[in-house]
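Undergrad: Let chain A serve as the given structure and place chain B on it in line with the hints.
Protein sequence lines, in the order shown, are assigned to chains A and B. Letter by letter, the first sequence follows residues 1 to 247 of this note's numbering. Letter by letter, the second sequence follows residues 1 to 247 of this note's numbering.
Think of the hints as simulated: they come from the structure by calculation, not from any bench. Don't take every hint at face value.
Repeated chains share a single entry, so a pair holds when one copy, or any two copies, can fit it.
As the list claims (entries may be wrong) - Computed cross-link-like contacts, BS3-like style, restricted to lysine-lysine with a CA-CA straight-line distance of at most 25 Å: (1) LYS20 - LYS95; (2) LYS2 - LYS95; (3) LYS203 - LYS221; (4) LYS75 - LYS20; (5) LYS192 - LYS203; (6) LYS20 - LYS203; (7) LYS200 - LYS2; (8) LYS241 - LYS200; (9) LYS135 - LYS244; (10) LYS192 - LYS241; (11) LYS200 - LYS135; (12) LYS203 - LYS2; (13) LYS244 - LYS20; (14) LYS221 - LYS118; (15) LYS200 - LYS95; (16) LYS75 - LYS118.
Quantities reported herein were computed from a predicted structural model and do not represent experimental measurements.
Number of protein chains: 2
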Amino acid sequence: MKIDLSFNPAELDELQIRDKNVVVIDVLRSSTTIAVALSNGAREIIPVESIENAVKISGSLFGDVTLRGGERNGKTIHGFNLGNSPLEYTETTVKGKSIIFCTTNGSVAMHRSRFARKLAIGSFINATKVIDFIKDVGADFLLVCAGRANAFGNFSLEDAVCAGMIVYELMREESADLELTDSSRAALALYKTYGRSILKMLKETEHGRYLIEIGFLEDIKLSAQVDSYPVLPVLNGNVIKLLKDEE
Amino acid sequence: MKIDLSFNPAELDELQIRDKNVVVIDVLRSSTTIAVALSNGAREIIPVESIENAVKISGSLFGDVTLRGGERNGKTIHGFNLGNSPLEYTETTVKGKSIIFCTTNGSVAMHRSRFARKLAIGSFINATKVIDFIKDVGADFLLVCAGRANAFGNFSLEDAVCAGMIVYELMREESADLELTDSSRAALALYKTYGRSILKMLKETEHGRYLIEIGFLEDIKLSAQVDSYPVLPVLNGNVIKLLKDEE
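Isolated chain A, as found in the complex:
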């Protein structure tokens, strides 16, 4: 069982992804927000790669059951109902709703990975669910770090450390069978270095510091709570829903 990893979703070729099992990780904040929204009863999340497409798609859906969520530069997109803060996605706001979701890195990586055989959404708040899912599937996986579009090479430390946590936990139980690549070994080393305090790490990354600067410290605190939202969002067709335990 091979665990490969991409630090850089811009490199993903949609055809390369076809028939792979993928986890998309965008800790700050798309993956976290999706786990919270679905935990709080949102019907589904529809990840799109551009504002234009978000507007186009929402035009053909019923207004009373559809919300538009997402961000540019961390802030709510003009004309959207919600930003990308998990704290906005309360039960009152999202229950029963379809959410068209457009973020700078996360929703783009999810959209690019839409032809995957299986696609789960990973973050610290649902890490164990993701790890158990990988074990259940029991096949090769590609961990995709959504990264940071305005960094050279798109690298973001928080996504790498979260991916590394997944590798670490898989290693602990299946060391004999697990084949790692350069990138998944690197993520593992980064988790060992920075994983002792997730909150401290998140506060010190480039994007963490930016989010604090624009007023989202509480989002970072929520994002650091390992397994606090034990759900498994998976893509099916074009929409992300929770995988029910019985499936």
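TA: Frame of chain A, contents of chain B only:
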């Protein structure tokens, strides 16, 4: 002084690079081979991004002073004089010669970075020269890991660890002034994890294992010898030459 880093040269925009100070790192083996070739008296190295261009350029140069070197899948390109093994670039072979150089990752990253303000070529065998050069310039630098074209996201561990060694040594002396990004912090952590035995690390990376498989273990041993070729190859115009100490 900010040290940024790209794990992924495919993302580099030539215009983004303009006016930046850059070090291109391709430990296995382009950077290593260039340092050896210039140490052994090669007149200059001309990095090109494609075999087509290598052939085109060499057609207009004098045959007796020009060699073509490079690889595809680690092996000598058909019709080229030399492969990408540093052991081929002996004094007898390269002294006084211009070498048109075409490799899968390294020469492409060098070509893409050709508009940099300053561009040095880094590897373990000339690490301290590169570190001293960065200190001398005393300005922001971008470390470009040439990576591995056929890996997801182009990541290669050996280039990341070498970049991390550079960051580590800069930190030791200039900790107060040094600003790191997510990617340069990650490289630093990878150096701390894997830097204790460079040879062991090189043997265990994906590309290291491949090179051993096709018979290049001696290249890996040479590539692991820190500071064994204390020279500084720099790009000037379109050619790489040694920076003389008096410059």
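Undergrad: State for each hint whether it applies.
TA: Okay, the hints, checked on the actual structure:
1. LYS20 - LYS95: Close neither inside one copy (32 Å) nor across copies (49 Å); limit 25 Å.
2. LYS2 - LYS95: neither (38 Å within a copy, 46 Å between copies)
3. LYS203 - LYS221: within (9 Å within a copy, 40 Å between copies)
4. LYS75 - LYS20: Cα proximity of LYS75 and LYS20: none, with 33 Å in one copy and 30 Å across.
5. LYS192 - LYS203: both (17 Å within a copy, 22 Å between copies)
6. LYS20 - LYS203: neither (33 Å within a copy, 28 Å between copies)
7. LYS200 - LYS2: between (30 Å within a copy, 22 Å between copies)
8. LYS241 - LYS200: neither (31 Å within a copy, 44 Å between copies)
9. LYS135 - LYS244: Only inside one copy: LYS135 and LYS244 sit 16 Å apart there, 56 Å across copies, limit 25 Å.
10. LYS192 - LYS241: neither (31 Å within a copy, 40 Å between copies)
11. LYS200 - LYS135: Neither. Shortest intra-copy (29 Å) and inter-copy (30 Å) distances fail the 25 Å Cα cut-off.
12. LYS203 - LYS2: between (31 Å within a copy, 19 Å between copies)
13. LYS244 - LYS20: within (21 Å within a copy, 51 Å between copies)
14. LYS221 - LYS118: neither (29 Å within a copy, 41 Å between copies)
15. LYS200 - LYS95: Intra 32 Å, inter 54 Å, cutoff 25 Å: neither.
16. LYS75 - LYS118: Classified as neither; 30 Å inside a copy, 37 Å across copies.
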